[in-house]
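2 protein chains.
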Amino acid sequence: MEHPLYVYNSLSRRKEQFVPMNPPHAGLYVCGPTVYGDAHLGHARAAVTFDLLYRYLSYIGYKVRYVRNITDVGHLVNDADAGEDKIARKARLEQLEPMEVVQHFTNRYHHNMQQLNVLPPSIEPHASGHIIDQIQLIRKILDAGYAYESNGSVYFDLDRYAKKHPYGTLSGRVLDDLYSQSRELDGQDEKRFPLDFALWKKALPEHIMRWQSPWSDGFPGWHLECTAMSTKYLGETFDIHGGGMDLLFPHHECEIAQSVAALGHESVRYWMHNNMITVNGKKMGKSLGNSVTLNEFFEGAHPLLERAYSPMAIRFFILQAHYRSTIDFSNGALQASEKGLQRLMEGMKTLDNLPASKNSSIDIGDIGQKCHAAMNDDLNSPMVIAHLFDGLRIIHLVNDGKETLSAADLQRLKEVYHRFVEDILGMNSDQPSNRQTDLLNGLVNFMLDMRQQAKANKDFATSDNIRNMMNRLGIEVKDKKDGFEWSIK
Amino acid sequence: MEHPLYVYNSLSRRKEQFVPMNPPHAGLYVCGPTVYGDAHLGHARAAVTFDLLYRYLSYIGYKVRYVRNITDVGHLVNDADAGEDKIARKARLEQLEPMEVVQHFTNRYHHNMQQLNVLPPSIEPHASGHIIDQIQLIRKILDAGYAYESNGSVYFDLDRYAKKHPYGTLSGRVLDDLYSQSRELDGQDEKRFPLDFALWKKALPEHIMRWQSPWSDGFPGWHLECTAMSTKYLGETFDIHGGGMDLLFPHHECEIAQSVAALGHESVRYWMHNNMITVNGKKMGKSLGNSVTLNEFFEGAHPLLERAYSPMAIRFFILQAHYRSTIDFSNGALQASEKGLQRLMEGMKTLDNLPASKNSSIDIGDIGQKCHAAMNDDLNSPMVIAHLFDGLRIIHLVNDGKETLSAADLQRLKEVYHRFVEDILGMNSDQPSNRQTDLLNGLVNFMLDMRQQAKANKDFATSDNIRNMMNRLGIEVKDKKDGFEWSIK
Numbered sequence: 400m401e402h403p404l405y406v407y408n409s410l411s412r413r414k415e416q417f418v419p420m421n422p423p424h425a426g427l428y429v430c431g432p433t434v435y436g437d438a439h440l441g442h443a444r445a446a447v448t449f450d451l452l453y454r455y456l457s458y459i460g461y462k463v464r465y466v467r468n469i470t471d472v473g474h475l476v477n478d479a480d481a482g483e484d485k486i487a488r489k490a491r492l493e494q495l496e497p498m499e500v501v502q503h504f505t506n507r508y509h510h511n512m513q514q515l516n517v518l519p520p521s522i523e524p525h526a527s528g529h530i531i532d533q534i535q536l537i538r539k540i541l542d543a544g545y546a547y548e549s550n551g552s553v554y555f556d557l558d559r560y561a562k563k564h565p566y567g568t569l570s571g572r573v574l575d576d577l578y579s580q581s582r583e584l585d586g587q588d589e590k591r592f593p594l595d596f597a598l599w600k601k602a603l604p605e606h607i608m609r610w611q612s613p614w615s616d617g618f619p620g621w622h623l624e625c626t627a628m629s630t631k632y633l634g635e636t637f638d639i640h641g642g643g644m645d646l647l648f649p650h651h652e653c654e655i656a657q658s659v660a661a662l663g664h665e666s667v668r669y670w671m672h673n674n675m676i677t678v679n680g681k682k683m684g685k686s687l688g689n690s691v692t693l694n695e696f697f698e699g700a701h702p703l704l705e706r707a708y709s710p711m712a713i714r715f716f717i718l719q720a721h722y723r724s725t726i727d728f729s730n731g732a733l734q735a736s737e738k739g740l741q742r743l744m745e746g747m748k749t750l751d752n753l754p755a756s757k758n759s760s761i762d763i764g765d766i767g768q769k770c771h772a773a774m775n776d777d778l779n780s781p782m783v784i785a786h787l788f789d790g791l792r793i794i795h796l797v798n799d800g801k802e803t804l805s806a807a808d809l810q811r812l813k814e815v816y817h818r819f820v821e822d823i824l825g826m827n828s829d830q831p832s833n834r835q836t837d838l839l840n841g842l843v844n845f846m847l848d849m850r851q852q853a854k855a856n857k858d859f860a861t862s863d864n865i866r867n868m869m870n871r872l873g874i875e876v877k878d879k880k881d882g883f884e885w886s887i888k
Numbered sequence: 400m401e402h403p404l405y406v407y408n409s410l411s412r413r414k415e416q417f418v419p420m421n422p423p424h425a426g427l428y429v430c431g432p433t434v435y436g437d438a439h440l441g442h443a444r445a446a447v448t449f450d451l452l453y454r455y456l457s458y459i460g461y462k463v464r465y466v467r468n469i470t471d472v473g474h475l476v477n478d479a480d481a482g483e484d485k486i487a488r489k490a491r492l493e494q495l496e497p498m499e500v501v502q503h504f505t506n507r508y509h510h511n512m513q514q515l516n517v518l519p520p521s522i523e524p525h526a527s528g529h530i531i532d533q534i535q536l537i538r539k540i541l542d543a544g545y546a547y548e549s550n551g552s553v554y555f556d557l558d559r560y561a562k563k564h565p566y567g568t569l570s571g572r573v574l575d576d577l578y579s580q581s582r583e584l585d586g587q588d589e590k591r592f593p594l595d596f597a598l599w600k601k602a603l604p605e606h607i608m609r610w611q612s613p614w615s616d617g618f619p620g621w622h623l624e625c626t627a628m629s630t631k632y633l634g635e636t637f638d639i640h641g642g643g644m645d646l647l648f649p650h651h652e653c654e655i656a657q658s659v660a661a662l663g664h665e666s667v668r669y670w671m672h673n674n675m676i677t678v679n680g681k682k683m684g685k686s687l688g689n690s691v692t693l694n695e696f697f698e699g700a701h702p703l704l705e706r707a708y709s710p711m712a713i714r715f716f717i718l719q720a721h722y723r724s725t726i727d728f729s730n731g732a733l734q735a736s737e738k739g740l741q742r743l744m745e746g747m748k749t750l751d752n753l754p755a756s757k758n759s760s761i762d763i764g765d766i767g768q769k770c771h772a773a774m775n776d777d778l779n780s781p782m783v784i785a786h787l788f789d790g791l792r793i794i795h796l797v798n799d800g801k802e803t804l805s806a807a808d809l810q811r812l813k814e815v816y817h818r819f820v821e822d823i824l825g826m827n828s829d830q831p832s833n834r835q836t837d838l839l840n841g842l843v844n845f846m847l848d849m850r851q852q853a854k855a856n857k858d859f860a861t862s863d864n865i866r867n868m869m870n871r872l873g874i875e876v877k878d879k880k881d882g883f884e885w886s887i888k
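Those protein sequences? They're chains X and R, same order as listed. Taking our numbering as reference, the numbering of the first sequence is continuous, increasing by one, and the terminal residue is 888. Taking our numbering as reference, the numbering of the second sequence is continuous, increasing by one, and the terminal residue is 888.
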């Protein structure tokens with residue numbers, strides 16, 4: 400490739416050229432949702448960020464195997480890993496089978512992703528479907544001497560590990576500091592060292608989700624599933640691991656320790672993290688009451704929202720910031736973003752209808768190259784969008800008849816806009832229903848003009864005829880100062 | 400309930416009143432697709448049949464837990480259970496990870512189900528996600544003495560089982576007959592008795608999908624997954640097990656044997672089977688070249704199809720036959736069914752727009768009760784549809800001003816039609832796009848009439864005006880013998 404892709408590697412803390420292990424293949428693993436509740440803006444940001452990466456890698460020619468997991472078990476609630484399983488708790492509250500809760504929210508998550516035009520990953524493994532793989536991984540870590548059994552549970556021996564391998568490189572944490580900050584919590588007496596984390600937890604009698612294992616009837620620790628499933632489907636060393644910044648510590652740090660302990664080496668070549676979303680300047684969180692779900696956004700059903708926002712508005716809002724910057728959500732910001740999106744999509748429609756001239760009177764420049772350069776610079780989507788906005792100026796000049804474009808230039812420009820707006824940024828403009836809406840608008844407006852004309856000519860047979868047909872079809876017309884407004888009953 | 404539901408139990412070979420074990424809960428397990436290829440008409444029939452049951456049980460007040468599995472591993476190819484794993488073979492041919500193939504076809508299956516308006520089940524467990532449960536079940540069968548290990552594989556000991564328990568009750572097969580028909584096939588030397596079936600198969604070196612087990616690295620036998628997953632999510636005894644008639648033997652017969660061997664009793668209280676689909680009178684099969692996928696139906700992309708058929712036409716076609724009758728597919732039958740559906744949906748639209756009068760001049764009868772009686776008689780959907788067609792007569796009489804209906808009667812009639820057509824038969828009528836399509840048709844046809852009229856009046860300004868507008872909007876008009884045909888470019 401002429402202009403190589405650079406991505407920011409959280410491990411080295413610098414942009415590095417992306418060079419996959421086995422071109423043209425590229426492996427990508429991203430931490431997916433915990434399916435015990437509806438997805439919120441934070442889920443949307445991670446999904447859209449890595450959808451952008453997936454689309455771009457595919458566009459520039461890689462055959463990407465994209466694995467995004469479903470966490471349906473073993474996500475422990477408190478820091479000490481001694482809490483209940485979140486899903487099992489919710490299920491018991493609702494008197495439901497946990498897998499019924501999981502299915503319900505997985506279906507809703509998939510629907511949200513479809514609304515956001517996030518492509519489905521190549522493989523979407525469930526943690527509950529990979530218990531054997533996780534047990535095998537625990538065995539390897541035990542055999543290597545980096546874990547111990549205690550009362551039916553198995554813990555990662557962080558103290559021993561940290562004496563032989565660096566720990567905290569990804570997150571920049573120092574074990575001694577963490578140790579001094581740690582508190583003794585319920586169940587920690589099973590551990591040798593307060594920061595040891597669970598690889599397998601013996602189930603309490605009230606736990607519904609449980610599996611047989613060599614140590615106890617229980618369930619795997621949360622950190623384990625990603626190491627097991629990423630290496631299973633992408634290989635013991637693979638290209639890119641992504642996720643939200645909130646997962647960097649302890650989740651991803653623990654993944655590194657598990658790989659090194661079990662396999663003797665790290666598994667991930669490029670760690671990529673999207674930054675967080677704040678709401679009116681504050682951290683988003685369920686307990687703060689400012690965690691708005693995607694369904695609430697799409698329906699305008701939350702006290703923080705002035706009105707509903709479409710999935711495409713949310714997607715565009717996310718892409719208008721660089722993935723490593725924080726985004727602050729506010730109604731004002733979202734509405735500004737919505738207007739920008741409208742301007743861009745209308746500009747593209749105008750472009751599609753521009754007439755070709757014999758020659759170009761204006762240089763269309765190299766928008767395509769500029770956009771690629773921005774994407775190659777660590778997926779700089781706001782810069783891509785800025786270049787696309789710049790190009791609108793030319794489109795409007797040609798549309799106003801002030802400049803001309805040759806058929807070849809017009810074709811190039813259309814190709815660039817459709818490639819970046821639709822294929823890479825993933826904004827879907829031309830759903831069949833949009834095409835139908837356009838046609839409907841065109842026909843009704845023509846009909847209203849005709850009726851107006853007929854009235855002016857005192858051809859009342861025609862104007863009545865049109866009015867009757869509209870009534871029959873349920874098209875309601877209201878007279879306005881500057882013409883008509885119509886709607887469908 | 401005043402009129403109880405009767406269903407045909409394949410085990411007793413008669414209609415029985417449906418009385419669930421734990422009302423208001425009802426448990427339903429249905430064999431889902433093997434996801435190594437696209438779904439065809441047979442898959443649609445099973446899915447629509449049990450969707451009808453699920454909708455009806457829910458409608459009459461049961462809280463239904465509906466489990467429909469995804470077979471993503473261990474579905475052996477040949478009768479002797481000695482063949483390769485279908486999915487692994489396909490994956491190797493395509494140089495893909497098996498789970499990537501599985502994900503691809505699972506996504507497409509879900510999309511097809513959505514198109515057919517089949518509701519998602521409460522839980523959709525994957526066989527590959529329940530290996531531990533299957534291993535535990537094998538242990539129970541071994542402990543009970545009804546299975547043996549042979550060369551790393553475990554087989555169900557049918558000879559021993561049949562000496563203590565009846566075998567073949569569901570399918571009406573006699574073991575001695577089956578024995579005399581059986582042929583010695585590759586790998587059967589591991590078995591004590593030719594009809595013994597695999598519970599666990601040791602993987603050949605070329606098998607990609609494999610799991611550790613107490614006996615070998617291998618994979619579970621196909622029959623096992625349904626016993627493991629149905630009893631896990633619905634209990635060791637549960638209400639209804641459904642599937643296509645082709646699964647009755649050996650699959651469901653083996654499920655019964657597995658339950659009796661492992662648990663000491665059968666698990667299923669009502670066995671329900673939908674009948675098969677023939678194509679122009681012949682059995683449908685991949686090798687016969689007459690197996691049309693749903694996507695091919697929706698796109699008209701198969702030599703057997705005269706044109707495309709909509710998902711709703713396919714659904715209605717399936718529901719117009721009783722689920723225990725065979726359906727013969729032909730273009731003629733499907734087109735007749737499509738016309739019927741159109742008549743029904745148009746009738747319902749007319750009904751929705753009927754004016755209320757002070758009194759009813761005609762008795763609307765008890766269509767609702769008749770429809771319920773038909774459903775209660777083993778889901779007699781063709782009878783329901785016949786009653787709904789009968790009612791159209793009244794609707795048209797009122798619409799033509801020959802009879803009148805009071806507001807109360809009108810309301811009752813609307814409620815019955817919407818309940819049965821939409822909620823129970825699951826026909827979705829009023830998608831926004833349908834409304835738009837209707838409007839578009841109305842407007843374009845009006846416009847074409849106007850143009851015709853203008854031409855006849857030698858008002859060429861108007862006819863040219865209309866033609867230009869249509870060109871601009873991309874509406875293409877072709878002259879036909881009996882009028883026009885138009886399409887959108």
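Note that these hints are calculated values from the structure, not bench results. Certain hints may be false.
Identical chains blur together in the list; that is why a pair holds if it fits in one copy or across any two.
To be verified - Dumping the calculated DSSO-like pairs for lysine-lysine here, alpha-carbon to alpha-carbon at most 30 Å: (1) K769 to K854; (2) K877 to K601; (3) K877 to K563; (4) K748 to K877; (5) K539 to K601.
Results of checking the hints against the structure:
1. K769 to K854: neither (53 Å within a copy, 54 Å between copies)
2. K877 to K601: Neither. Shortest intra-copy (64 Å) and inter-copy (73 Å) distances fail the 30 Å Cα cut-off.
3. K877 to K563: neither (74 Å within a copy, 80 Å between copies)
4. K748 to K877: both (28 Å within a copy, 25 Å between copies)
5. K539 to K601: For K539 and K601, both the intra-copy (19 Å) and inter-copy (23 Å) Cα distances are at most 30 Å.
When each numbered hint is compared with the structure, violations occur for hints 1, 2 and 3.
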